[in-house]
Amino acid sequence: MDLSVRTSKGDKFLRSFIDSEKGTVNRELYINQDVFEQEMEQIYRRCWLFLGHESQLRNPGDFFVSRMGTEEVLVVRDRKDQKIRAFLNSCRHRGEKVCRYDQGNSLIFTCPFHAWTYDTSGRLVGAAGQNSPQGYAGDLKKEDWGLTEVAQFTNYYGTLWATWDKDAPSFEDYLGPFAESVRYMCEGSDGVDNGLEVFTPFQKWRVPTNWKVPAFTSSRDPEHGAMTHRSVNAAAIGPMRELQGGDRSRKRQLIENITYVCGDHNLGHGGAWTKYLAPGIAEYVDGWYEDGVDDYFREMHVKKMEKYKDRIVPPQGHDAGHFCVFPNFIMDAWRWRIWHPHEVGVVERWSLFGVDKDAPKHVKDAVRHYVMRYNGPSGATESDDMENWNYVYPASRGAVAREWDYNFANGLGHGFQEDGAPGALVFNGNRSEEAHRARFSRWLAFMEAESWDDLYPIKSDANHRLW
Amino acid sequence: MTDLQRPKSEVRNDFLLQHQAAQFLYREARLLDERRLSDWLELLAEDLHYFMPLRRNIKYGDWHLEYSDPETEISYFDEDKSILTGRVRQIETGVHWAEEPVSRFEHIISNVEVTDQIGDEIYVNSKFYTYQNRLADEVQVFCGRRYDVLRRDEVTDFKIVKRKILIAQNVLLAKVINTFF
Amino acid sequence: MPEILKEYDLRGVQGAEIFRDLTPGLKLLLDDGAIGSIVINPADGCYIVLDFTDSPAEAGRSGEEEIVYFEEVVGVVA
Numbered sequence: 001m002d003l004s005v006r007t008s009k010g011d012k013f014l015r016s017f018i019d020s021e022k023g024t025v026n027r028e029l030y031i032n033q034d035v036f037e038q039e040m041e042q043i044y045r046r047c048w049l050f051l052g053h054e055s056q057l058r059n060p061g062d063f064f065v066s067r068m069g070t071e072e073v074l075v076v077r078d079r080k081d082q083k084i085r086a087f088l089n090s091c092r093h094r095g096e097k098v099c100r101y102d103q104g105n106s107l108i109f110t111c112p113f114h115a116w117t118y119d120t121s122g123r124l125v126g127a128a129g130q131n132s133p134q135g136y137a138g139d140l141k142k143e144d145w146g147l148t149e150v151a152q153f154t155n156y157y158g159t160l161w162a163t164w165d166k167d168a169p170s171f172e173d174y175l176g177p178f179a180e181s182v183r184y185m186c187e188g189s190d191g192v193d194n195g196l197e198v199f200t201p202f203q204k205w206r207v208p209t210n211w212k213v214p215a216f217t218s219s220r221d222p223e224h225g226a227m228t229h230r231s232v233n234a235a236a237i238g239p240m241r242e243l244q245g246g247d248r249s250r251k252r253q254l255i256e257n258i259t260y261v262c263g264d265h266n267l268g269h270g271g272a273w274t275k276y277l278a279p280g281i282a283e284y285v286d287g288w289y290e291d292g293v294d295d296y297f298r299e300m301h302v303k304k305m306e307k308y309k310d311r312i313v314p315p316q317g318h319d320a321g322h323f324c325v326f327p328n329f330i331m332d333a334w335r336w337r338i339w340h341p342h343e344v345g346v347v348e349r350w351s352l353f354g355v356d357k358d359a360p361k362h363v364k365d366a367v368r369h370y371v372m373r374y375n376g377p378s379g380a381t382e383s384d385d386m387e388n389w390n391y392v393y394p395a396s397r398g399a400v401a402r403e404w405d406y407n408f409a410n411g412l413g414h415g416f417q418e419d420g421a422p423g424a425l426v427f428n429g430n431r432s433e434e435a436h437r438a439r440f441s442r443w444l445a446f447m448e449a450e451s452w453d454d455l456y457p458i459k460s461d462a463n464h465r466l467w
Numbered sequence: 468m469t470d471l472q473r474p475k476s477e478v479r480n481d482f483l484l485q486h487q488a489a490q491f492l493y494r495e496a497r498l499l500d501e502r503r504l505s506d507w508l509e510l511l512a513e514d515l516h517y518f519m520p521l522r523r524n525i526k527y528g529d530w531h532l533e534y535s536d537p538e539t540e541i542s543y544f545d546e547d548k549s550i551l552t553g554r555v556r557q558i559e560t561g562v563h564w565a566e567e568p569v570s571r572f573e574h575i576i577s578n579v580e581v582t583d584q585i586g587d588e589i590y591v592n593s594k595f596y597t598y599q600n601r602l603a604d605e606v607q608v609f610c611g612r613r614y615d616v617l618r619r620d621e622v623t624d625f626k627i628v629k630r631k632i633l634i635a636q637n638v639l640l641a642k643v644i645n646t647f648f
Numbered sequence: 649m650p651e652i653l654k655e656y657d658l659r660g661v662q663g664a665e666i667f668r669d670l671t672p673g674l675k676l677l678l679d680d681g682a683i684g685s686i687v688i689n690p691a692d693g694c695y696i697v698l699d700f701t702d703s704p705a706e707a708g709r710s711g712e713e714e715i716v717y718f719e720e721v722v723g724v725v726a
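So the protein lines, in turn, are chains A, B and C. For the first sequence, my numbering begins at 1 and goes up steadily by one. For the second sequence, my numbering begins at 468 and goes up steadily by one. For the third sequence, my numbering begins at 649 and goes up steadily by one.
Among the hints, erroneous ones may be present.
[Said to hold, decoys possible] Across the chosen pairs, the derived CB separations fall in these ranges:
hint: 1; chain 1: A; residue 1: Ser8; chain 2: B; residue 2: Asp536; range: 35 to 41 Å
hint: 2; chain 1: A; residue 1: Asp453; chain 2: B; residue 2: Tyr596; range: 52 to 58 Å
hint: 3; chain 1: A; residue 1: Pro112; chain 2: B; residue 2: Asp536; range: 50 to 56 Å
hint: 4; chain 1: B; residue 1: Glu605; chain 2: A; residue 2: Lys9; range: 40 to 46 Å
hint: 5; chain 1: B; residue 1: Arg494; chain 2: A; residue 2: Glu180; range: 38 to 44 Å
hint: 6; chain 1: A; residue 1: Glu41; chain 2: B; residue 2: Ser505; range: 27 to 33 Å
hint: 7; chain 1: A; residue 1: Ala278; chain 2: B; residue 2: Thr623; range: 55 to 61 Å
[What the hints assert, rightly or not] Pairs of lysine-lysine, DSS-like flavour, derived with a Cα cap of 25 Å:
hint: 8; chain 1: B; residue 1: Lys526; chain 2: A; residue 2: Lys361
hint: 9; chain 1: A; residue 1: Lys361; chain 2: B; residue 2: Lys594
hint: 10; chain 1: A; residue 1: Lys357; chain 2: A; residue 2: Lys204
hint: 11; chain 1: A; residue 1: Lys204; chain 2: B; residue 2: Lys475
hint: 12; chain 1: A; residue 1: Lys83; chain 2: A; residue 2: Lys357
hint: 13; chain 1: A; residue 1: Lys166; chain 2: A; residue 2: Lys204
hint: 14; chain 1: A; residue 1: Lys97; chain 2: B; residue 2: Lys526
hint: 15; chain 1: B; residue 1: Lys629; chain 2: B; residue 2: Lys594
hint: 16; chain 1: A; residue 1: Lys364; chain 2: B; residue 2: Lys548
hint: 17; chain 1: A; residue 1: Lys97; chain 2: A; residue 2: Lys141
hint: 18; chain 1: A; residue 1: Lys166; chain 2: B; residue 2: Lys475
hint: 19; chain 1: A; residue 1: Lys364; chain 2: B; residue 2: Lys631
hint: 20; chain 1: A; residue 1: Lys309; chain 2: A; residue 2: Lys275
hint: 21; chain 1: B; residue 1: Lys526; chain 2: A; residue 2: Lys83
hint: 22; chain 1: A; residue 1: Lys80; chain 2: B; residue 2: Lys594
hint: 23; chain 1: B; residue 1: Lys629; chain 2: A; residue 2: Lys361
hint: 24; chain 1: B; residue 1: Lys594; chain 2: A; residue 2: Lys204
hint: 25; chain 1: B; residue 1: Lys629; chain 2: B; residue 2: Lys526
hint: 26; chain 1: A; residue 1: Lys80; chain 2: A; residue 2: Lys22
hint: 27; chain 1: B; residue 1: Lys526; chain 2: A; residue 2: Lys364
hint: 28; chain 1: A; residue 1: Lys166; chain 2: A; residue 2: Lys97
[Said to hold, decoys possible] Computed far set for chain C versus chain A, every beta-carbon distance over 10 Å:
hint: 29; residue: Pro650
hint: 30; residue: Glu651
hint: 31; residue: Arg668
hint: 32; residue: Asp699
hint: 33; residue: Asp702
hint: 34; residue: Glu719
Hint data in this document are derived by calculation from the structure and do not stem from the laboratory. Positions of the beta carbon are idealized from the N, C-alpha and C atoms, including for glycine.
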């Protein structure tokens with residue numbers, strides 16, 4: 001399907017906005033209302049999207065409200081079978097939100113409009129007038145009017161994901177070569193799978209920009225760091241605070257490796273990719289300001305070293321991964337960033353932060369205070385990102401500005417595919433924009449696809465690679 | 468923190484104390500607006516706890532869920548004077564893009580109410596309406612309440628020992644918070 | 649007709665609060681004549697879960713437990 005959109009100069013095909021030879025993308029894709037609406041249909045109705053973490057739903061009846069694109073979903077652990085399910089937060093009667101609380105524990109979810117009420121498995125269990133002889137008179141077939149459930153749902157090592165498309169591949173297939181990265185990021189610091197819990201609640205705030213500005217190009221964007229975050233060492237917000245000259249990252253010692261930026265041009269995921277040249281994990285390096293925190297992590301690290309002593313560490317390496325799961329989820333180690341589109345020029349950012357679920361309080365406190373200083377609208381590091389991502393939008397949408405292309409050419413032509421590397425992973429220099437280009441390869445594939453049949457399984461000769 | 472319906476009469480009727488507390492808070496707001504951030508830091512006690520929780524949408528009665536818990540949860544601010552000092556240093560680099568060019572802030576403080584006095588510390592509630600205008604046309608409004616503990620000080624009249632800031636927003640509608648409340 | 653307890657005025661100005669705070673074990677009379685005892689009160693002020701195992705057969709309530717909307721509740725009975 002060749003989708004076109006209306007622009008100030010008439011209809012244009014989406015493909016015409018991307019110049020794969022020059023490595024450019026026209027600004028129209030970020031500011032055009034038609035593009036945005038087609039994205040919600042073609043991408044957000046089909047992709048696997050991040051909802052939250054199982055530790056937010058410890059008890060039967062626990063719920064929280066999350067988002068899938070522009071729409072709210074209710075994520076709830078059923079009281080009877082204890083399974084977690086996700087539903088569109090919209091009453092089947094007139095569409096009002098059935099849950100207007102951010103989180104809690106509930107027996108039922110009752111719409112405040114006409115009292116249609118649903119149990120924790122999404123079944124309609126009551127409605128005003130259901131038994132009234134003057135009303136439904138018992139005719140309301142409750143079994144047909146349950147909440148709209150996502151088509152597929154998965155709990156992947158504690159992280160919760162869903163898609164509205166029953167034809168989407170399994171989540172693991174959707175991730176492809178990055179499945180191992182997601183699994184690895186959910187390990188505890190002792191190397192045990194699904195070893196994390198998250199700090200509640202979600203951080204939530206609005207940024208007036210197009211969702212793709214941060215979601216497509218923040219992982220990995222190696223050249224922004226030195227400039228955008230020029231000031232942050234002054235704030236000394238890192239785990240070691242002023243002890244390390246304010247450096248916001250914890251120092252690590254690594255096994256010999258080559259660092260790449262890697263983009264999967266078939267599946268759209270990508271970011272940092274560290275290729276370890278020898279098995280094992282290096283010794284722990286102290287890196288925390290607060291007393292006793294290094295003692296804990298050093299002890300956990302020994303267990304992780306034991307697990308990986310004869311194994312090559314996955315490409316996200318140690319606790320330092322940074323990559324994007326297409327379309328809008330950034331996994332920066334245990335700092336998880338979700339970019340929910342709201343309007344063409346407004347994105348709502350949610351964050352969650354992981355920590356070892358069995359860590360003692362003083363360790364959890366140190367990690368928590370670190371992520372608060374670093375992240376979010378009041379985070380000394382992230383606040384500078386917001387400024388740049390924000391002003392990209394108004395400075396790009398004028399009648400003149402929109403005619404000019406963004407430059408995504410950093411490293412163009414220098415990428416390579418390694419023998420034995422799965423799928424369409426393209427490796428490139430660790431300061432390149434390879435992952436951004438991969439995102440646009442996948443973006444165009446989604447926008448042009450009639451259905452998942454055109455998107456998966458990826459045929460060996462059907463590389464969507466644009467560049 | 469005492470939050471009585473009606474403060475003790477010796478506090479409620481102490482016009483001088485009410486006046487001193489209000490004047491201190493107005494002066495603090497002025498220092499922020501005049502970008503005298505280093506001077507503002509002088510008003511903070513060394514043992515300050517500066518806390519601004521996130522706010523949830525909750526069911527009536529679920530009050531314990533409304534504000535993020537400073538012991539276990541994520542907040543906007545949950546820090547001491549050393550971190551705030553770092554934030555000021557960051558602004559003063561001139562390359563902290565979130566606050567560069569610098570904003571035009573007006574911190575309006577009102578509803579000042581001294582609610583208790585224990586030893587050399589007083590408990591003061593107030594409201595803030597912080598207007599931010601920056602670059603050509605960017606406007607943000609932050610509105611909320613504060614619960615402070617102030618300690619008597621010979622040089623600055625008071626030092627801020629505890630500050631709890633409750634902003635009247637759920638999803639923060641501003642892209643960043645680059646001032647202090 | 650069982651006696652309706654006056655101390656639970658479900659139709660008065662405090663009806664929503666009284667309904668919200670009804671405790672498990674209390675018996676409720678419904679507008680179709682059924683009587684159920686409270687199993688769980690979700691305390692949302694709108695719905696309540698009742699056990700109808702001891703309800704008069706002619707009332708025709710099926711199932712042992714059912715969720716009931718406040719409008720169908722006539723009152724609390726002894």
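Each hint, compared with the structure:
1. A/Ser8 to B/Asp536: 35 to 41 Å: violated (51 Å)
2. A/Asp453 to B/Tyr596: 52 to 58 Å: With a Cβ separation near 56 Å, A/Asp453 and B/Tyr596 satisfy 52 to 58 Å, so the hint holds.
3. A/Pro112 to B/Asp536: 50 to 56 Å: violated (28 Å)
4. B/Glu605 to A/Lys9: 40 to 46 Å: violated (30 Å)
5. B/Arg494 to A/Glu180: 38 to 44 Å: Since the Cβ atoms of B/Arg494 and A/Glu180 sit about 57 Å apart, the hinted range of 38 to 44 Å is violated.
6. A/Glu41 to B/Ser505: 27 to 33 Å: The hinted range 27 to 33 Å is violated for A/Glu41 and B/Ser505, with Cβ atoms some 53 Å apart.
7. A/Ala278 to B/Thr623: 55 to 61 Å: holds (59 Å)
8. B/Lys526 to A/Lys361: Violated, at about 29 Å.
9. A/Lys361 to B/Lys594: Not OK: A/Lys361 and B/Lys594 at ~33 Å, beyond 25 Å, violated.
10. A/Lys357 to A/Lys204: The hint holds at about 23 Å.
11. A/Lys204 to B/Lys475: violated (39 Å)
12. A/Lys83 to A/Lys357: Distance of about 20 Å is within 25 Å: holds.
13. A/Lys166 to A/Lys204: Violated - the C-alpha atoms of A/Lys204 and A/Lys166 are around 29 Å apart, more than 25 Å.
14. A/Lys97 to B/Lys526: holds (14 Å)
15. B/Lys629 to B/Lys594: It holds: about 15 Å lies between the C-alpha atoms, which stays within 25 Å.
16. A/Lys364 to B/Lys548: Between A/Lys364 and B/Lys548 the Cα gap is close to 21 Å, so the pair holds against 25 Å.
17. A/Lys97 to A/Lys141: With Cα atoms ~21 Å apart, A/Lys97 and A/Lys141 stay inside 25 Å; holds.
18. A/Lys166 to B/Lys475: This hinted pair is violated, its Cα atoms lying about 65 Å apart.
19. A/Lys364 to B/Lys631: holds (22 Å)
20. A/Lys309 to A/Lys275: holds (16 Å)
21. B/Lys526 to A/Lys83: Answer holds: B/Lys526 to A/Lys83 is near 24 Å, not above 25 Å.
22. A/Lys80 to B/Lys594: Cα-Cα ~46 Å, so violated.
23. B/Lys629 to A/Lys361: holds (22 Å)
24. B/Lys594 to A/Lys204: holds (23 Å)
25. B/Lys629 to B/Lys526: violated (29 Å)
26. A/Lys80 to A/Lys22: violated (57 Å)
27. B/Lys526 to A/Lys364: violated (28 Å)
28. A/Lys166 to A/Lys97: holds (24 Å)
29. Pro650: For C/Pro650, whose nearest Cβ neighbour in chain A is about 20 Å away, the distance exceeds 10 Å, so it holds.
30. Glu651: Label holds. Min Cβ-Cβ 24 Å, cutoff 10 Å.
31. Arg668: holds (12 Å)
32. Asp699: holds (15 Å)
33. Asp702: holds (20 Å)
34. Glu719: violated (7 Å)
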